[in-house]
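Novice: Next come the chains, spelled out residue by residue.
2 protein chains.
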Amino acid sequence: MKKEVNVAILGFGVVGQGTYKVLAENADLIEKRIGARVKVKRIVEINTARYDTPGVPREVFTPDYSDVLNDPDIDIVVEMIGGVELASRFMLQALERGKHVVSSNKAALAVNIRKMNETAKANGCMLRYEASVCGAIPVMNALSTSLSVNNIKSIRGIVNGTSNYILTKMEEEGLAYDVALRQAQENGFAEQDPTGDVEGFDSANKIVLLAAIAYGEYVPPEEVDRTGISGITPADIEAAREKNCRIRLIAGARREDGKLRLSVKPELIPCDDILASVRNEFNGITITGDMSGDIFFYGRGAGSVPTGAAVAGDVAEIAACVARDTHRVAIATSRV
Amino acid sequence: MKKEVNVAILGFGVVGQGTYKVLAENADLIEKRIGARVKVKRIVEINTARYDTPGVPREVFTPDYSDVLNDPDIDIVVEMIGGVELASRFMLQALERGKHVVSSNKAALAVNIRKMNETAKANGCMLRYEASVCGAIPVMNALSTSLSVNNIKSIRGIVNGTSNYILTKMEEEGLAYDVALRQAQENGFAEQDPTGDVEGFDSANKIVLLAAIAYGEYVPPEEVDRTGISGITPADIEAAREKNCRIRLIAGARREDGKLRLSVKPELIPCDDILASVRNEFNGITITGDMSGDIFFYGRGAGSVPTGAAVAGDVAEIAACVARDTHRVAIATSRV
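Here the protein sequences line up with chains B and Z, keeping their order. The first sequence runs 802 to 1137 under the working numbering. The second sequence runs 802 to 1137 under the working numbering.
Hints listed in this document are in silico derivations from the structure and should not be mistaken for laboratory results. Just so we're clear, the structure is a prediction, and the values are computed from it rather than from any experiment. Here a beta-carbon is modelled for each residue, glycine too, at the ideal position from N, C-alpha and C. Certain hints may be false.
Unchecked claim - If you only want the chain Z side, here are some residues facing chain B, beta carbon under 7 Å, derived:
#1 Y866
#2 N942
#3 A943
#4 M1092
#5 T1127
#6 H1128
#7 V1130
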């Protein structure tokens, strides 16, 4: 059995730093569980100011990805650079060199997941992306293991914390959409350009990835029936309340007449549906299996360390296989 | 790769039948995912009236466990007979013959988990028991995979549907304990002798098993600080309501001064804690990791088919390893 598994992190931003923290601080725990040491050998980062991060040895940093691709000791590449084109290229290059890949990049994965899976398979590599959907909540793992004995009847999830934060503030504090958005931006729950979150593009990417695992079918993001929350008014919120409902931006998947339909849209959720209890920046998702019935998962969908924990969980699962030399026969996370 | 994995079910009661249904009806789906056919080759059952169950070939039934133990083609034994002594002996015998074991029997496992794990390890076998805690909710799998990169700070769960059903009825319909219990019995949510459920013995077994996975430490059931719900009065419920709380029977685990403490007791849960939203016979559990933060899981904690789905999930995970011949290096579910 291999006693050390080496990791490279691409991009040392918020989630990259969270991932490093989890892998470094809980290294003994992870080693105890999987029987091998997981070591971050390289961090690829072009912003040299980050080379002075306290607690991270300066010599692990490099601006040059070829230092990773050409290093046969690196087993797992953790892609955290964001964006679609460059990130996708980097992931494919890693897989082509026989390196396993972990990513939290829903945008790149939602577009290129089939190509990624093909390339992973052709090279005997594992590809995991728990952190791309619902941050710390292990919903992808559940779908690809325990729940995979079910035909999935439907998925209904609140998978975008920004939108949910805004809707919660509108509802609980009677704010207009614009005011709630500004508050979310001031509190770090919304970006300066909030389009991707509030118009449902982010949720659309996530439901594409969830459906790929749950149904083994690929629906491209542009085919998701998508409506955002920017048109929601205090009057809508009030009308919902009168029906004893709350408005939530729901990412959904279900079969209709044999066809898999994906949607992202504001829906009226009855107050006694557990999805209605998801407040502020949290995420929650109900998966209905033909045998398990409804299973609901809830937790933090974002944040440096929670998301880093999801990445580290994937890294540890792959490292356990690498250490045992079972990675070539591991079951693919996604079936598309 | 092995193309067929054979299973024996011990005990064809409620959960045994649910397990058979899931494995039979979703056999194609499971085969597609793991690349091998999972077949129920034998059902050990002494009640011969059950041999006439529609949809189950009569020839799979036998009253004699040695037909399983002496059959080298049987890879996985699913123990569903209940009770402690005989069930434990049957599981150990299976492991000693090199057969993997899946069980939903929290009572037997909570007492004998260390011996079971030792025996499994010594014989290169896997032992899984997702269905023993929270039925269909894949919480054991999450703790032993994705969440295992966390030091677990605490577990707080509603893991006994009977007690929660009674507490919900007392709260929502203003019933006295005795009346609510009788209603639960009439509706099939409580047994004629409800002691195990309402006095917290069942929850105690479950928190022992959760803690064994989450903390890698064994605390015997008799050391769980345990109080049931039979002393709860309508006045208690009303006093909770005045504090904007609900009473829930909480199975908890946490470290205090370095020592792992397990408890089962009625607690006041603030209405805005998501645990308070768990109503009727449902289960819900919050797991707090040092990195992931709070993750909450919710679903049906009992029932023939949902529980059978959890058993089938474990069977499929083991069968995937058996088919690939990786079972001997698989990581043990529990670390005690």
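Novice: Any CB of chain B closer than 7 Å to the CB of Z:V1130?
Specialist: This interface hint holds because 4 Å falls under the 7 Å limit.
Novice: Does the closest beta carbon of chain B sit nearer than 7 Å to the beta carbon of Z:A943?
Specialist: Hint holds; Z:A943 Cβ to chain B Cβ min 5 Å, cut 7 Å.
Novice: Verify the interface restraint on Z:H1128: the C-beta must sit less than 7 Å from at least one C-beta of chain B.
Specialist: Interface hint status for Z:H1128: violated (10 Å vs cutoff 7 Å).
Novice: Taking the least C-beta to C-beta distance, is Z:M1092 closer than 7 Å to chain B?
Specialist: 4 Å, holds
Novice: Hint Z:N942 vs chain B: min CB-CB distance below 7 Å?
Specialist: 5 Å, holds
Novice: Tell me if the interface restraint on Z:Y866 is satisfied: Cβ within less than 7 Å of some Cβ in chain B.
Specialist: 26 Å, violated
Novice: Let me know if the C-beta of Z:T1127 comes in closer than 7 Å to any C-beta of chain B, holds or violated.
Specialist: 4 Å, holds
Hints 1, 6 from the earlier list are contradicted by this structure; the remaining hints agree with it.
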